[in-house]
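Enquirer: Here is how the chains run, residue by residue.
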Amino acid sequence: MVTGPAGGVASSELLQNYRPLPGLHDEMMMPSGELRPPWRVFGDLLAQCSPSDIQSRHKTAQQLLHDHGVTYNIFDDAVGTSRPWALDLIPHIVASSEAEQVAQGIDQRSRLLDTILRDLYGPQRIIKEGWLPSALLHANPGFLRPLAGLVPPGGRFLHVAGCDLVRTEDGAWRVLADRTQVPGGQGYALENRIILSNVFPEEFNASRVQRLAAYFDVERETFRSLAPGRRAAPTILMLTPGPRDETYFEHAFKARYLGFPLVMSADLTVRDRRVHLKTLEGLRRVDVVLRSLDDLQCDPLEMHADASQGIPGMIEAWRSGGVALCNGLGTGLVETPALHPFLPGLCRHLLGEQLKLPCVPTWWCGQQKQLNMVLSDPQKWVLKEAFVRGARDPIFLGKIDEKSRTEALDRLKAAPHRWVAQEMLRLSTTPTWTGDRLEPRSLVWRTFALHQGGSYTMMPGGLSRVSPHVEGRVVTMRSGGISKDTWVLSDGPIATRPVAQSQPIIIRPARPPSAVPSRVADHLFWLGRYAERLEQTIRVLRTTLQRVSGEVTEIQTRELQSCLTLMEEAHLIPANLAPADIRPSIHELINDPKRESGVRQLVSSVRYNAAAARDRLSDDTWRLFNKIESDASPSLPPLKVSQALIALDTLILDLAAFSGMQIENMTHGHGWRFLEIGRRLERAIFTTPLIRAATIAAGMRDESVLGPLLEICDSTMTYRRLHFARPQLVQTAYLLFQDPSNPRSVAYQVERLVERLSELPVDPHRGSETSQVSRMQEILALVKSPNLPAWAAAQHLAAEALPEICTTVVEQLESLSSTLTENYFSHAVRKVR
Amino acid sequence: MRYHIIHRTTYTYDSPVTVSHYLARLLPRPLANQECPWHELLIRPEPIERSLRTDYFGNHSVYFEIEGAHQQLEVIARSLVDIRPPPAFDPAQTPAWEKIRDRFTADTVGIDYSPAEFRFSSALIQTAPVFADYAMPSFPPSRPIAEGVISLNHRINTEFVFDSTATDLATPISKVMEQRRGVCQDFAQVMIACLRSIGLPARYVSGYLETRPPPGKPRLVGADASHAWVAAWCGEKLGWLDADPTNDVLPNERHITAAWGRDFSDVSPLRGVTLGAGEQRLQVAVDVLPSDDG
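Protein sequence lines correspond, in order, to chains A and B. Using this note's numbering, the first residue of the first sequence is number 59, and each one after it goes up by one. Using this note's numbering, the first residue of the second sequence is number 79, and each one after it goes up by one.
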């Protein structure tokens, strides 16, 4: 890792070549070319760095992002479109006095917005008394009428407030937008900090940057304190829309950092007007839900929305005080920029204070005078939709052609209340690394504030973003923006508890290890099955491929034919494949992402299930999945056999590393048990038919199948050590089917399954566990039933008896797999305890 | 007039439902000319939780949860309703429609003025120029508002075809407007869109219709199911004027109001979310019987 200036060679090349844009406020450099005070320490270090040094640190940062699997999904229609998180390694630096001033403004603003929410969902005095036009409330789809009259548990709607700030030409910070529904970005802010403090360890310390850890400690406490009735060990969950959401990485990351389980809508259910988590052991009462679902998605019963997300009855549960929601529902109401012009008056009226942090000048076109002002000189203005969250596509009336402008103005005139107008802003710039130099880019700083005891504490940092181009007008991650770490400097001593443990250790004795949501267990089960299926498939492919090329002997030809028989049995190729199609078929199985049961498809199934259980997997494990994905997708034009073999070898080692981590690094709780059950089941279900096919073939005096079979089952060495001879049917079948000491044998898998199943939680309302265990014991007895060693001298007896037993074993294992799924994952009739 | 109303809803599921949550708005709300002296809500299987509240629009709504495998849900609402005809009025004497419209600009509505709420787009009703264009022939300059509403009510009745196969609950009103076919819910929502698109407040009313015609009067459409119509704001003096475009009438004592809101989604008589259902079949039967002791 790069740690300091390259060889102490001083060069101020970077700073000399940096040119702030004329007339704009630059965060680092004054018009005179001097550095602003908070930048002096970092600037000195920059002055000592050469461009190549910065570039090498940039690469380190990118590597860390890749290893941590930090992503931001632009399209939420498929898992495969997650793209790496864009992080610039030059931080946004804020002086402590300035941050303190901003923090006061943020505290006031958050108190104000919460007061407004309580009024609008309550007595609506600010409407009745004329402080706010009623249309602004009534036309806003964010005003959720089912919540009217509701008093949230704890009395507050807003617990965490996000706020986008920009610095205008006069050097003052102003509010561009509020994020009150689901203030995203805290997890990314933390991840950015972890990366930057790794890339600039000395600079970070020398600059006296305020740490983030304390803020997250407060956050954890805030959530605990929200639990209705203040139960001693409240169940607190983080609710995410799922792996397809654009910021899923952040949900999983934050859940793990704070130590709260990550759940999806399907994990929760409302019974007796209380929210419950469906766990392996039954329903568990939930006290606090940190939701990353939008207001309108939270309850399909009371809100007109599609029912694929949300928890029916959630609003009723909240209304009756049974659960605390963070943020409260309905908070999207105050995200509208149409509120901005009324805030100074509301602040005086409601809080008796002058508004400390002004908004960027904004006019709501629902008012006649303001509308006329926009219509009289349209080119001056930027139009934004007042009630669409995030107002993603501002219309720059001065920058579009006449026809588009006329259309925009027609839409404005048809429904003026749906629009706000802002003057064109000239945002401050900050240096951003472009690969060979620093360039000024427009800056937006998202702050976060947390409620605690009547006021809001600002995170000493935040998520800063810059435009992808010089003088970019729109700064959002969605439109290709680049994020930055935010360094708030300290005047005094800094608490140095590091935030940067990549795997925080959080001790929660209050939570028994069994609180595994059923859905997570489901994904871990399938993760186990797919990872194992992937490994077996690769072994089959590798064994076959080794016989496709090279010197062709008669044995090799016969063994290749046997391999094809085994591939057929594993449903990898159709029956009677023409010799010319063998190589293309194998190539497809390895490289074609669309090939069913192919390596690429299996890898993406592994990835999907791993992502859905992301908060249960360590960072190292996650890194490994990233590696598996890139190792599986070289997608070079038709691979040479030797290259393909190398690729398959690498994947087998990756998967071996995963199973090693599974055994050595994962807590052996119920989640782990389901992963293990999935793996053992799959191995038995995959291997048994191969043994069956080989037995049939060998019974017809074709023993060439036994070599490849032993190889696929990774038992060649064991066999040789035991028998020093060419493989024989009975000995091979014993080793692979019955030998309890061979970790690849069917009997070994079934014995482990008996153990794991008997450790699973018993639900008193179901009472079927014993039957699962006893069914598994019956399968074990069946596997052990043929007296194979006794048949050593009479191979044909084995060939006659074994195939049928194999068929029955597979059928029973499959049926047990379905029973498990029904019992533990689908939650049939469950009683509330 | 006194009615005995029986509203029976039956859901039959292909596979057993394990948990379900419902909201019912089946209790007729009290009005100046309507009372509900008796009401009963029967739910089978018996819910584990049931709570009654008054919603944002003043409708009665009942929340209930059903747990335990069931393949059928039956909800029977029975009510006695007394209703008197609304007072007579002269449409020609109502204010010019522009006066109503202009009463509602952002700068003038600062006070709590409840009709203002019903001018805007809602979940199922998006205002658009196409609705304004359709409405305009009924609203020439200075026409008294009630006359305009009656004219629009009449035009939708004559220019749209009642066709229960043309739409379902998910059909957007733009499609209804295009094909000029639908059922009472569609006609009501189109008429509301027309009124709102020219700046007039209009709300959605759900309720019931007497099915037996009085001697000499035609049988009204919409029997055997719940019905829907429109109320348009006609100024402080007259207040909300009900209009039923499906039947081209101004409701009097044969329309029984159950609930109102911005559109169907605010007032659906029974809304439920079930877990693990598979296909479901819905049967609704409504009887509105003039009661002898009324």
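Source of the hints: derived by calculation from the structure; they are not laboratory data. This structure is a prediction, so every number in the text was calculated from the model and none was measured. Just so you know, even glycine gets a beta-carbon here, dropped at the ideal spot from N, CA and C. Treat the hints with caution; some may be incorrect.
[Claimed, not checked] Some chain B residues close to chain A (C-beta under 7 Å, calculated; not the full set):
#, residue
1, H138
2, Y141
3, F198
4, A201
[Said to hold, decoys possible] Simulated coverage check for chain A against chain B, where a stretch passes if three residues somewhere in it have a Cβ under 8 Å from a Cβ of chain B:
#, region
5, 191–205
6, 352–360
7, 366–374
8, 453–459
Enquirer: Verify the interface restraint on Y141 of chain B: the C-beta must sit less than 7 Å from at least one C-beta of chain A.
Expert: This interface hint holds because 5 Å falls under the 7 Å limit.
Enquirer: Can H138 of chain B be said to touch chain A, with a Cβ gap under 7 Å?
Expert: violated (14 Å)
Enquirer: With a C-beta cutoff of 8 Å, work out whether three or more residues of the region 191–205 of chain A approach chain B closely enough for the coverage to hold.
Expert: holds (count 9)
Enquirer: Mind checking the CB of A201 of chain B against every CB in chain A and telling me if the closest is under 7 Å?
Expert: Since chain A brings a Cβ to about 4 Å from A201 of chain B, closer than 7 Å, the hint holds.
Enquirer: Mind taking a look at whether chain B covers the region 366–374 of chain A? Criterion is 3 or more residues with CB to CB distance under 8 Å.
Expert: holds (count 3)
Enquirer: Verify this for me: three or more residues of the region 453–459 of chain A with a beta carbon less than 8 Å from a beta carbon of chain B.
Expert: violated (count 0)
Enquirer: Between the region 352–360 of chain A and chain B, see if three or more residues pass the 8 Å beta-carbon test, and mark the coverage as holds or violated.
Expert: holds (count 3)
Enquirer: Given F198 of chain B as an interface hint, is the shortest Cβ-Cβ distance to chain A below 7 Å?
Expert: This interface hint holds because 4 Å falls under the 7 Å limit.
Checked against the numbered hints above, the structure breaks hints 1 and 8 and satisfies the rest.
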